[in-house]
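> Heads up: the sequence lines are chains X and B, in that order.
Residues 0 to 369 in numbering that gives the first Met the number 0 are what the first sequence spells out, letter by letter.
Residues 0 to 369 in numbering that gives the first Met the number 0 are what the second sequence spells out, letter by letter.
To be clear, the hints were calculated from the coordinates, so they are not data collected in a lab.
Check the hints yourself; a few may be wrong.
Same chains, same label: a pair holds when it works inside one copy or across any pair of copies.
As a list, the in silico BS3-like pairs of lysine-lysine whose alpha-carbon atoms are at most 27 Å apart [claimed, not checked]:
hint, residue 1, residue 2
1, K189, K132
2, K203, K94
3, K189, K209
4, K38, K85
5, K94, K209
6, K63, K269
7, K132, K27
8, K27, K269
2 protein chains.
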Amino acid sequence: MTKTAQPAKGNGDSGNIVLSIDAMGGDKGPAMVMSGLHKALQRNARLRFLVHGDSAVLEPLAAKHRLLRERCEIRHAADVVTMDSKPSHVMRHGKGTSMWAAVDAVRDGEARACVSCGNTGALMALSMIRLRKLPGVNRPAIACLWPSRNPAGFNVMLDVGADIRAEAEDLVQYALMGAFYAQIALELEKPRIGLLNVGTEEHKGRAELKVAHDMLLEAAQSGLFEYVGYVEGGDIPSARTDVIVTDGFTGNIALKTGEGTARLVSDLLKQAFRHSILSRLASLLALTSLLRLRRRIDPRRVNGGVFLGLNGTVVKSHGSSDATGIEAAVRLAHELARADLPGQLAHRVASVEEARQGAAQVGQLYGNQK
Amino acid sequence: MTKTAQPAKGNGDSGNIVLSIDAMGGDKGPAMVMSGLHKALQRNARLRFLVHGDSAVLEPLAAKHRLLRERCEIRHAADVVTMDSKPSHVMRHGKGTSMWAAVDAVRDGEARACVSCGNTGALMALSMIRLRKLPGVNRPAIACLWPSRNPAGFNVMLDVGADIRAEAEDLVQYALMGAFYAQIALELEKPRIGLLNVGTEEHKGRAELKVAHDMLLEAAQSGLFEYVGYVEGGDIPSARTDVIVTDGFTGNIALKTGEGTARLVSDLLKQAFRHSILSRLASLLALTSLLRLRRRIDPRRVNGGVFLGLNGTVVKSHGSSDATGIEAAVRLAHELARADLPGQLAHRVASVEEARQGAAQVGQLYGNQK
């Protein structure tokens, strides 16, 4: 059923990197996914894919291009997780789905990272039960990139919806994980971390934020990141910080509010340009400028929420991704795989925790003098 | 010191409405405030103002225009609440400030509503201690208007920052207060209420949201509003709902995220248009279109957060308001004063609470059968 030249395993001694792809479940279907993979293969000679889904659909798509034929291994999966499948149902009955198989390939060491544009809730739930949490991590998080005024053009925000709660300790771990993610995705040496709150004064906000604030001041001693203190909603797209740390409830609402607002402004802009003959002419002249703006805030260029804190790397591509979006998600997964995301995160979480316990012991020895 | 033709009291038997104005503390100074008041007086013959602030500054400004001379009474206040004053400090030591005097004029029945463009936190704190909460209201809220796809062009959101917490009961009161506010500000007969959450499915979100969801389904029986269920961040600027109900922490972050995102998009748009000669030409041609867009989402047109749930009406105008913004805030205060906001809110809160207790008693009588 498969005709792969080199079904490279996991890390591959050849220097190749194998990614596991869930080709089903996106809004635009498997053809768009295969087209994105083809683009990615053209750019990177070291990439190999395990592609999960309906082989009757995928084989003919792969047959069209030599690169796909040579560097993809199609793995048949009869079932699909749909966009409206309930995560709890998928966890119990999802074993035959392409999503399950795609995650399991990472679990089994066959691939270094997984990419899916399917149902986010189901993907998170499956990743949790199949990959399990990293040692020392209490709550995994979903990190996203957000258009900003920073030179890289984007900030990282997490958690944007893995969990609706976060204790102070979780927020500190988010900071550590977000800092590492920003180092890779935004190529920053020492990312600046901000803690999302309703004001920047020390006395403001919820109790767990004050505790996290103090813990972050201390954890910043590790040198792994710079801590800039509290930031507000208006700072999310700003140049004040590189990483915005918050709980998954607030983060999800902020993310969707931002997306909704940007969509409204852009729709109103289109309306404004359609209003008269003169404005239509102007929009023609402004076309390249408007395209430039669109490119600047194009979600396809930064496609992919990343699940952090698991024994394996999973990238969630937008459900409505086209080939460019899929390619961006694949590129991100590749970068994270090369950097050994899970291993590095586990190491950092452990070292900061050790430092904290060490400090606590020293505090006890000296009677917690301040 | 004052030269008012008719220092009309509170409601005034003349049919005039008196508003109390804090003329100090905004970013653009008292001259801008007086200019806004002048605009408002030109439009409405029934308006009278009590203007609080430094009379040495205000008297000469009022002297310039006949309408201001005739229909403003200047009340001298030596001190000013600055933008960086701490609310707790203002509560203890703010007695000589124009903000304090402006709120007290509502408390004492001299004016029907108060407008200030000063420090939000201090204004909220002062309003709380001087006006006190309405009977039956546990947590007052700040409501704002948000550009949306609805015919009115705006939605109402609350709480956007009066309190960082909200229990289920508070969220139900926010719904009642927001519905009434939307009736007045957006001229809607039966506003639709949405409860902000991270998903629209029944099982999602925090525990207090599930309780509030059930309570709102019941409270909607009152006929005072329609309840559309959970809404997400992306629905805040949508036509799915007229009022978005949330706690003050989430609401404040969503509000500032939306503002920040809109500002980023508009700045990037400007950059795009400045990029080349052709795009500069296009921007000239598109000028009216762009101005139309700007007008559509202009915060000045909907200027004013409103404090709901107090024994008196207080409108917070943007700190950076110009004359148009001040005028909009004054017009809003005038509408709310005419509608007797506090009286109506107290009545509604009491009637829904009665219905709830009645239902609970009936439930007890029948052994809480379901």
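> Now tell me if each hint is right for this structure.
Hint-by-hint comparison with the structure:
Taking the closest pair of Cα atoms, K189 and K132 come within 27 Å of each other only inside a single copy of the chain (25 Å); across copies the shortest separation is 48 Å, beyond that limit. In this assembly of identical chains, the alpha carbons of K203 and K94 lie at most 27 Å apart only when taken from different copies (24 Å versus 47 Å within one copy). In this assembly of identical chains, K189 and K209 lie within 27 Å of each other by CA distance solely inside one copy; the values are 23 Å within and 41 Å between copies. For a Cα distance limit of 27 Å, the shortest separation of K38 from K85 qualifies neither inside one copy, at 32 Å, nor across copies, at 56 Å.
Taking CA atoms no more than 27 Å apart as the test, K94 paired with K209 passes in neither setting, with 43 Å inside one copy and 31 Å between copies. Proximity of K63 and K269 under a CA criterion of 27 Å is satisfied in neither setting, with 38 Å inside one chain copy and 44 Å between copies. Proximity of K132 and K27 under a CA criterion of 27 Å is satisfied in neither setting, with 31 Å inside one chain copy and 53 Å between copies. In the homo-oligomer, the alpha carbons of K27 and K269 lie at most 27 Å apart inside one protomer (25 Å), although the nearest pairing across protomers, at 33 Å, exceeds that limit.
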